[in-house]
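Listed below, chain by chain, are the residues.
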Amino acid sequence: MTHSSQATAAVGDGDGVDAAALAARYGLHRVGTRPSLRTYLRQMWERRHFIAALASSNAYSRNQNNYLGQLWAILNPLFLAGVYLLVFGVLLGTRGGVDNYVGFLTVGIFMFTFASTSLMSGAKSITSNIGMVRALHFPRAALPVAAVLAELATVLPALAVLLGILLATGERPTWSWLAFVPALLLLYVFSTGAAFVAARLVVGSRDLLNLIPLALRLARYVSGVFFSIQHYTGDNPLGLLLEYQPLAVYLSLVRSCLLAEVPQSALLWGFGAGWALLFAIGGFLLFWQREESYGRG
Amino acid sequence: MVAAEATGPVAEEELGDPSVVVDDLHVTYRLYGGRRHVADDDASRLARLVSRSRNHLGGVTEVHAVRGVSFVARHGEAIGIIGRNGSGKSTLLRAVAGLLPPASGAVYVAGRTALLGVSAALMKDLTGERNIMLGGLALGLSPQQVRARFDDVVEFAGIGDSVHLPMSSYSSGMGARLRFAISASAAPDILMIDEALATGDAEFRARSQDKIDEIREQAGTVFLVSHSDATVRAMCGRALWVDKGRLVRDGPVDEVCDAYKRSAKPRRPPAR
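First to last, the sequence lines map onto chains G and C.
Per this note's numbering, the first sequence starts with residue -14, numbered consecutively.
Per this note's numbering, the second sequence starts with residue 54, numbered consecutively.
Note that these hints are calculated values from the structure, not bench results.
No residue lacks a Cβ here, since even glycine has one placed at the ideal position from N, Cα and C.
There may be inaccurate statements among the hints.
Between beta-carbon pairs, the in silico distance windows are [what the hints assert, rightly or not]:
no. : chain 1 : residue 1 : chain 2 : residue 2 : range
1   : G       : Gly224    : C       : Arg83     : 41 to 49 angstroms
2   : G       : Asn195    : C       : Glu270    : 38 to 46 angstroms
3   : C       : Gly139    : G       : Thr18     : 21 to 29 angstroms
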């Protein structure tokens, strides 16, 4: 390595031109820096087609490697509902205070599963696509957004199953069924916000990936997926906390739209919209703060 | 401080204004799953046990892959980056592309950079057709632009009707050709190629050479990373030799490659 010192010296001394000044003279822009929030939002908008293509390819390729293919998007949730019904409806009997327990349980499972898989794939969206992050230019927030969008695309066929089960259990379509669309939309927005937060945290410390499933398991048991929170906790402070945490709010919200026995409530809608906005805006800002550093791994 | 102007065969051609300015660039990244061993025979048994268990516990290493590199590239230049495996070539390329943030120092570029790394966005379960769309969008094209260039991409990749089959059924050569074709379809101002030309037959290499020349003629800049000096000699006019994250030599391709070759075979006595 005899040339080493000479060459470095030659480069270092150069002709004495300041790099920043030279760059400015020829109109070069600096790379590897975080764009302003406005630019970032514009970039996200410009990349909407990419986000959609990424999400649909993701959702599609998931079921394409077996014979029944896309049919599994419907079969999987159907079997899942059967398993839970067997355990909680027949074996354990947690149907206290609920008339249409099958409908109650199916809504709970489908909505909770959507939220938890969204959070999980959102959390992994940067670390599992690190090759893409290190090879291509695009706003990194596209990855968590596409991950949750892919989950939404996966859950849509399952919703047909859900409505079928509800009809079979004696529910009849009413006007409030239409409110299911905005309720699902709020849950989707909330999930995207939560995915931003999770993705940023996981890049900072990958060990969290082991804790997220645990937290989701806990959430599954306290969010009223299998039982009515109100029936079992009453009105004490802990009960209220359990009732108005985001996931429980969205489960109740969707149930109030689809089940005749659960009344609509303005308070629930308020909480649903509030949690969604808080997480979407806060999560996006939190994610954007680290934009330039996601390639570092 | 920046490098003096390059001299040599390329510099004699008409060279444009600076297109890339790299100023005292340092890059670090995190590597999970292992930790460098610190060999320490004198350490007590306990210390060694702790040190060994650290490999399974805190398995993350901060790699300082690029250590103070500066150079200026100009419009119309094709620059080869050579060096041994693990010398920091690819990291340097990614940092210049703006994909890895500098730990210190700065990179300035003119226009859009594209790393020939579109493969990262492609999915092997999907057809070539869908992958062309996905890859094109990933590179920042609009759906209309991708559709307009679709036939060119299929033609350039030479995959014919296989475009309707999933990419997992492609031979490695076909896959590499398609990836190159998708990357080149975005017509970036600065194209960066990372060892990708190692695959593909002679005809495809010739086509790739044409594509590189085309980008250079449109006043673009091309970077090519390779540990094979033959590839670099064939395609580039200027070369950067990187070793252990430092720029060892910067100059006309033959001069730098000769020096690199000499250093690569230190034990063999000089021929003749």
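Index of numbered hints that the structure contradicts, given in increasing order: 2
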